[in-house]
Amino acid sequence: KAGVTQTPRYLIKTRGQQVTLSCSPISGHRSVSWYQQTPGQGLQFLFEYFSETQRNKGNFPGRFSGRQFSNSRSEMNVSTLELGDSALYLCASSRTGGEGNTIYFGEGSWLTVV
Amino acid sequence: AQSVTQLGSHVSVSEGALVLLRCNYSSSVPPYLFWYVQYPNQGLQLLLKYTSAATLVKGINGFEAEFKKSETSFHLTKPSAHMSDAAEYFCAVLFYGGATNKLIFGTGTLLAVQP
Chain A
1 KAGVTQTPRY
11 LIKTRGQQVT
21 LSCSPISGHR
31 SVSWYQQTPG
41 QGLQFLFEYF
51 SETQRNKGNF
61 PGRFSGRQFS
71 NSRSEMNVST
81 LELGDSALYL
91 CASSRTGGEG
101 NTIYFGEGSW
111 LTVV
Chain B
1001 AQSVTQLGSH
1011 VSVSEGALVL
1021 LRCNYSSSVP
1031 PYLFWYVQYP
1041 NQGLQLLLKY
1051 TSAATLVKGI
1061 NGFEAEFKKS
1071 ETSFHLTKPS
1081 AHMSDAAEYF
1091 CAVLFYGGAT
1101 NKLIFGTGTL
1111 LAVQP
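Each protein sequence line maps, in turn, to chains A and B. Per this note's numbering: the first sequence = residues 1 to 114. Per this note's numbering: the second sequence = residues 1001 to 1115.
Don't take each hint at face value.
To be verified - Just so you have them, the derived chain B footprint on chain A, three or more residues with Cβ under 8 angstroms:
| # | region |
| --- | --- |
| 1 | 33 to 43 |
| 2 | 48 to 61 |
| 3 | 95 to 108 |
No lab work stands behind these hints, which were simulated from the structure alone. Don't be surprised by glycine CBs; every beta carbon is placed ideally from N, CA and C.
Using the sequences and the hints given, assemble the complete structure.
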């Protein structure tokens, strides 16, 4: 079956702009999480959605937001981009987000802010 | 609170040699542990996971990991390294509270395989 699909794979934005990244989870998975990966900070949790509700949020400013649709697809948005937002953004999905669930990742979206 | 420590940010082995990547965890509850691999310019691929069913977990590509509660370790091993194993490896512990979850990752170990 198809894995976690993220679009776009690569994008370049200018400081001050906003960006929207999309994630389609594995079929049947209702939990979608987002992570940011940078050389300096490593892999950090952004937020998790389940059944269109944000259940958990990491320690990121309010410029980072997300949502989940009824088909479990998710988007994340970063407004007023800063140079430090340049990163690989990874989406992950699991069945319910509960204990013991296997968490699968997509290929990521590479964001460069110039 | 859960946390993960990966000892050695860079590990270099010869092709055919044993691969040993170290991971120690801290968890106030029974842990769920994962190893992921990341090849250049790609996302994270699941190698294996521990969910308390068995202490020795076999994964893909010949990797396995052993959960040792007394040592709070979950080291990743492969008997014979292949050039294609060169990648970055991440150990992670699942933080769970209620129905939600998030992975807490180690800082990663970059594995180089020398011919």
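Evaluation of the provided hints:
no.	hint	result
1	33 to 43	holds (count 4)
2	48 to 61	holds (count 5)
3	95 to 108	holds (count 13)
In summary, the structure agrees with every hint in the numbered list given earlier.
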